[in-house]
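J.: Take the sequences, apply the hints, and build the full model.
The sequence shown runs 1 to 275 under my numbering.
No wet-lab data here; the hints were simulated from the structure.
Computed from a predicted model, the values in this text were never measured in an experiment.
Note that beta-carbon positions come from the ideal geometry of N, C-alpha and C, so glycine has one too.
There may be inaccurate statements among the hints.
As the list claims (entries may be wrong) - In silico DSS-like links for lysine-lysine, alpha-carbon gap of 25 Å or less: (1) K222 - K42; (2) K253 - K270; (3) K230 - K247; (4) K268 - K230; (5) K42 - K230; (6) K179 - K154; (7) K154 - K253; (8) K230 - K183; (9) K268 - K253; (10) K154 - K270; (11) K222 - K247; (12) K270 - K222; (13) K222 - K183; (14) K247 - K154; (15) K230 - K253.
As the list claims (entries may be wrong) - Just the calculated beta-carbon pair ranges, DEER-fashion: (16) H53 - P191: 36 to 44 Å; (17) S254 - K179: 14 to 22 Å; (18) L150 - E47: 14 to 22 Å; (19) D257 - E128: 29 to 37 Å; (20) S180 - A67: 54 to 62 Å.
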Amino acid sequence: MLRFFLFMVSVMAIGTSAAKDVSPCPIDAVPIQIMTPGSDIKRSVAEISSDPHFHAFVEAVTEHIAARLIRDNLCMNGAEGKNHSLLQFVYWQFAMPYDYDVPILFPGGPFSCRISSPWIDLVVDRGEVTQVRGIVRWNERQLVTDQAVLAGTKNVPPDMAMPLDLYELSYFVDEVRRKSAAKPVEARVPPDILWLLRSLVGTENLADVGHPRGGSMYLATKNGAEGYTKLVLALIDRCFVPTASGKVDVHYKSILDIADPILLEQYKIKTRSLH
Numbered sequence: 001m002l003r004f005f006l007f008m009v010s011v012m013a014i015g016t017s018a019a020k021d022v023s024p025c026p027i028d029a030v031p032i033q034i035m036t037p038g039s040d041i042k043r044s045v046a047e048i049s050s051d052p053h054f055h056a057f058v059e060a061v062t063e064h065i066a067a068r069l070i071r072d073n074l075c076m077n078g079a080e081g082k083n084h085s086l087l088q089f090v091y092w093q094f095a096m097p098y099d100y101d102v103p104i105l106f107p108g109g110p111f112s113c114r115i116s117s118p119w120i121d122l123v124v125d126r127g128e129v130t131q132v133r134g135i136v137r138w139n140e141r142q143l144v145t146d147q148a149v150l151a152g153t154k155n156v157p158p159d160m161a162m163p164l165d166l167y168e169l170s171y172f173v174d175e176v177r178r179k180s181a182a183k184p185v186e187a188r189v190p191p192d193i194l195w196l197l198r199s200l201v202g203t204e205n206l207a208d209v210g211h212p213r214g215g216s217m218y219l220a221t222k223n224g225a226e227g228y229t230k231l232v233l234a235l236i237d238r239c240f241v242p243t244a245s246g247k248v249d250v251h252y253k254s255i256l257d258i259a260d261p262i263l264l265e266q267y268k269i270k271t272r273s274l275h
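T.: Below is the structure:
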């Protein structure tokens with residue numbers, strides 16, 4: 001009888017020790033929606049086939065958020081719906097052949113961190129059950145705008161840059177080609193687009209700027225994809241760092257608001273590699 005009692009005590013002790021090594025929080029994968037103009041909403045990374053850079057971006061962001069939840073031992077309800085966790089990925093090409101939606105992250109409800117920016121809008125609530133809601137943008141026009149600002153271009157409007165339509169792209173290319181006009185080209189073409197067409201593309205390459213697999217915009221995206229991804233991951237990390245006040249509420253309007261010289265240098269495209 002004594003031996004049986006000691007055996008049961010040892011089993012209970014082992015079970016208690018094992019329980020301490022296992023997270024008490026069920027951490028589900030954050031459900032996602034992938035919104036690509038011209039196609040149905042997708043709900044997994046595996047369904048992305050058209051753009052390898054966007055595929056890698058979505059994969060990196062979802063894996064990073066999952067790793068932060070595990071690292072911080074945060075319980076999470078993965079059910080999709082109102083007041084539950086959901087990441088909406090938006091795919092915007094530089095010039096869009098389709099109409100597109102502009103999803104909005106409604107700010108209501110409790111939060112531990114709220115970040116608003118051209119790249120990601122994110123709300124994290126570290127309640128009894130953690131909730132993560134976000135709109136994550138793959139925005140090629142934003143990439144161009146950021147690079148123009150980092151290169152010192154003046155008068156670039158702040159906040160989120162919106163994609164061009166194909167007519168606008170063609171119009172601006174023609175305007176840059178024109179040798180004479182009543183107004184200077186700076187008054188006819190937005191500063192970020194003018195920087196792209198003059199500095200990044202070069203007037204001799206204007207015809208191929210929008211080519212999907214070899215044009216200058218494609219090469220710019222290819223060279224800037226890793227830095228763009230690092231930028232978004234860094235903003236996510238800022239939302240998971242506890243503060244003395246218990247809350248983070250930040251609005252970034254320009255790439256210069258990031259105020260991280262190392263991160264910005266990694267993001268900056270070396271234009272000489274694109275010609």
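J.: Hint by hint, say whether it matches the structure.
T.: Against the structure, the hints:
1. K222 - K42: At roughly 23 Å apart (the allowed maximum being 25 Å), K42 and K222 satisfy the hint.
2. K253 - K270: 23 Å, holds
3. K230 - K247: Measuring from Cα to Cα gives roughly 23 Å; hence the hint holds.
4. K268 - K230: 12 Å, holds
5. K42 - K230: Between K42 and K230 the Cα gap is close to 23 Å, so the pair holds against 25 Å.
6. K179 - K154: Holds. K179 to K154 sits at ~22 Å (cutoff 25 Å).
7. K154 - K253: Judged against 25 Å, a Cα distance of about 15 Å means the pair holds.
8. K230 - K183: 40 Å, violated
9. K268 - K253: 18 Å, holds
10. K154 - K270: Given that 25 Å is the threshold and the Cα spacing comes to 19 Å, the pair holds.
11. K222 - K247: Judged against 25 Å, a Cα distance of about 36 Å means the pair is violated.
12. K270 - K222: 12 Å, holds
13. K222 - K183: 34 Å, violated
14. K247 - K154: Distance ~34 Å between K247 and K154 Cα, so the pair is violated.
15. K230 - K253: 18 Å, holds
16. H53 - P191: 36 to 44 Å: 25 Å, violated
17. S254 - K179: 14 to 22 Å: 33 Å, violated
18. L150 - E47: 14 to 22 Å: 33 Å, violated
19. D257 - E128: 29 to 37 Å: Holds, at about 33 Å.
20. S180 - A67: 54 to 62 Å: 57 Å, holds
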